Amino acid sequence: MDSITALLEGFATAAQPEFLLYALLGVTLGTAVGVLPGIGPAMTVALLLPLTYTLEPTAALIIFAGIYYGGMYGGSTTSILLNTPGESASIVTALEGNKMAKAGRGAAALATAAIGSFVAGTIATVLLTLLAPTIADVAVQLGPADYVALMVVAFTTVAALLGSSPVRGLASLGLGLFIGLIGTDMLSGQQRYTLGVATLADGIDVVVVAVGVFAVGEALYVASRLRHGPIEVIPVGGKWMTREFWARSWKPWLRGTFIGFPIGTVPAGGADVSTFLSYGAEKKLSKRPEEFGKGAIEGVAGPEAANNAAAAGVLVPLLTLGLPTTATAAVIVAAFQSYGIQPGPLLFTNNSAMVWALIASLYIGNVMLLVLNLPLVKIWVKVLQIPRPYLYAGILLFAALGTYAVNFVVDDLIVLLVIGVIGFFMRRHGYPVAPLVVGLILGPMAEEQVRRTLQISEGDLTALVASPFAATAYGVLVVLLAVAVVLRLRRKKNTEVTV
Amino acid sequence: MIAAKVEEYAFGGLVAAIGVFTLVDATTIAARDDNAVGPRAFPYAVGILLVVTGIAAIIATARGKLGQAEEAEDVDENVRTDWVTVAKLVAVLVAHLVLIDLVGWPVAAALLFFGAAWTLGATWWRALPIAVVLALVVQVVFASGLGLSLPAGIFEGVPFLDG
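Residue numbers (the UniProt record's numbering), protein chains in the order written: chain A, 1 to 499; chain B, 1 to 163.
None of these hints come from the bench; they were simulated from the model.
Just so we're clear, the structure is a prediction, and the values are computed from it rather than from any experiment.
From the three backbone atoms N, C-alpha and C, an ideal C-beta is built for every residue, glycine too.
Some hints could be false.
Output of the computed footprint for chain A on chain B, the stretches with three or more beta carbons under 8 Å from beta carbons of chain A [claimed, not checked]:
hint, segment
1, 10 to 22
2, 57 to 70
3, 73 to 85
4, 103 to 113
5, 120 to 134
6, 156 to 162
Cβ pair distances, simulated, as ranges [what the hints assert, rightly or not]:
hint, chain 1, residue 1, chain 2, residue 2, range
7, B, A95, A, K382, 31 to 39 Å
8, B, V141, A, K239, 42 to 50 Å
9, B, L66, A, S352, 44 to 52 Å
10, A, V479, B, K65, 25 to 33 Å
Part of the chain B face toward chain A, derived, beta carbon under 10 Å [as the list claims (entries may be wrong)]:
hint, residue
11, A26
12, L93
13, V94
14, H96
15, V98
16, A116
17, F142
18, S149
19, A152
With the sequences and hints as input, model every part of the structure.
Below is the structure:
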């Protein structure tokens, strides 16, 4: 009951005109960057991190959460209407959505994606509201060793289980952890890996790294193999408000939600996994499996709902444990930290008003996003057509600006360029960039917790696995790894048979 | 194919090399011994992770398991890597960071936008005015709106442009 009162108070805050405007700004920006290829929510939040100097925490976090949710909506428009889908989280949507658009049923595909996102986003936010305080209550009792265990699980899943190449994912994680080491050690005051350079003594700013790998790395990579010629956008056709539309959509929406949310919540998968699972489920349950691959509406409705539910699910470990499991979530943790707030179980007691205003703004943002993406979808189609030379020139300009504006020193731009070039080569060779960002932000936190654990235990290493919670977490991790290995082997066998 | 392999070896080697550097440099971190775990332990772990994954990436490459290049909406999988464009963009970024302190942010930014757009195939007489207007607008917004001033350079003392 307490949390309902708190939520209502949150609504009272979030419904103030000022905060409504911030939410609108966030979801609009988020949809725009979701629609546009080449930029995503992680980079946008990173670029806007300097805002934290001028805005109060609640306002900034409402904007960032809006960008995060909005990015999920915008991505579906692109994958349905653009002939050349990319962006992993919405790639499944492209499978059926693109076919529907080409067959003149674009309006129905866009509508089921937008309404599905809204339904899933809202239900998932309700689940977040109900679950988060309870989890936070339990999490308060976790000790440093338990946090170490959670972080090890997060590191392993983000780096090794999600990508196509575990080795490259772990290498990317290692690079992020290394960048996180640069600077002055918080506990002993020792400088590490600064090479005596004064700029490096304070460490490399998260903004510089995130903007470097996402913006500069992506721009260089796209430029190296840019698709020339006109941008082929499929015209939106057909009607969607039909009985058949609702009849075929509502069940996939709900199924997608209940597939997506748990996957987002446990640190075991980003949105991609949930969309693939939802697509598989819809294909299996469909009475017309022959339509799949030719434009089945269930194949858009389910994965899009799963996608958004997973996005909301990611906020559960983020807010209750301070554990980011996606690149965007990691950058949002950095935003909390720049206010001196550590997301985690104490958030709900120490910053209760702020958290509840943030959660309330998620409900409001979802309604705004439905309006922005259903009746106003034509605007985003225009945005999608921005000529690519200007788009990528703009991305580079704002990347350089955002980096320079952190400290107003040119040295940061040199670091940006170096990290950008590394990001470029990572993309060329299948090294995922998300583990790097997660490692950068979680690394220093993990080190602190390890050292605290061992300080308490006076160097006894068994303290790291002694608590029941930590032991369970490692046990679950071992099971997860075993399942992943079996699945990988089986997949290999299958492909060998079919080839 | 051979070029891709060489690049993969080089990147794996780079990861391992950073790992070696991490390990070697960790020995120079001053550590007091009254702590159970000092500032060295974590760097050792990170160094080992980098060395192992770097070598594993090299072995994977040798066994023919190359990394899959990332897919993106604007990426054409059927064209060869255009190194000249990449080099030009890097050059434009370098010019930008050198010019900020010499002639000020507005000029350096206009050059960055124009250079990048032109390199990527925009018509120069269309890109140039957009670049100039965009740079000036950002400069004004920063100088007047946010109260953070970007170095005005040649526009020093000009109202609105110099915060």
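**Message:** Take the shortest C-beta to C-beta distance between B:L93 and chain A; is it under 10 Å?
**Reply:** holds (5 Å)
**Asked** Do the numbers back the hint for B:V98, that is, is its least Cβ distance to chain A under 10 Å?
**Response** holds (8 Å)
**Prompt:** For the segment 57 to 70 of chain B, does the count of residues with a C-beta closer than 8 Å to a C-beta of chain A reach 3?
**Reply:** Contact hint for the segment 57 to 70 of chain B vs chain A: holds, 8 residues under 8 Å.
**Item:** Verdict on chain A covering the segment 156 to 162 of chain B, where coverage means 3 or more residues with a C-beta closer than 8 Å
**Value:** Violated, because only 0 residues of the segment 156 to 162 of chain B bring their Cβ atoms closer than 8 Å to Cβ atoms of chain A.
**Request:** Please verify that hint: B:V94, Cβ, nearest Cβ of chain A, below 10 Å or not.
**Result:** holds (7 Å)
**Asked** Is the interface hint for B:H96 satisfied, with its Cβ closer than 10 Å to some Cβ of chain A?
**Response** Since the shortest Cβ distance to chain A is 6 Å, the answer is holds.
**Prompt:** Holds or violated: is there a CB of chain A closer than 10 Å to the CB of B:A26?
**Reply:** holds (8 Å)
**Asked** Counting residues of the segment 10 to 22 of chain B with a beta carbon closer than 8 Å to any beta carbon of chain A, are there 3 or more?
**Response** holds (count 6)
**Request:** Identify whether the interface hint at B:S149 stands, where standing means a beta carbon of chain A within less than 10 Å of its own.
**Result:** Since the shortest Cβ distance to chain A is 9 Å, the answer is holds.
**Item:** Outcome for the supplied range 25 to 33 Å, where the beta carbon pair is A:V479 and B:K65
**Value:** holds (26 Å)
**Request:** Confirm or reject the claim that B:L66 and A:S352 have a C-beta distance inside 44 to 52 Å.
**Result:** Hint holds: Cβ distance 51 Å, inside 44 to 52 Å.
**Asked** Taking 8 Å as the C-beta cutoff, is the stated coverage of the segment 120 to 134 of chain B by chain A satisfied by three or more residues?
**Response** holds (count 7)
Violation of the numbered hints given earlier is confined to hints 6 and 19; the remaining hints are satisfied by the structure.
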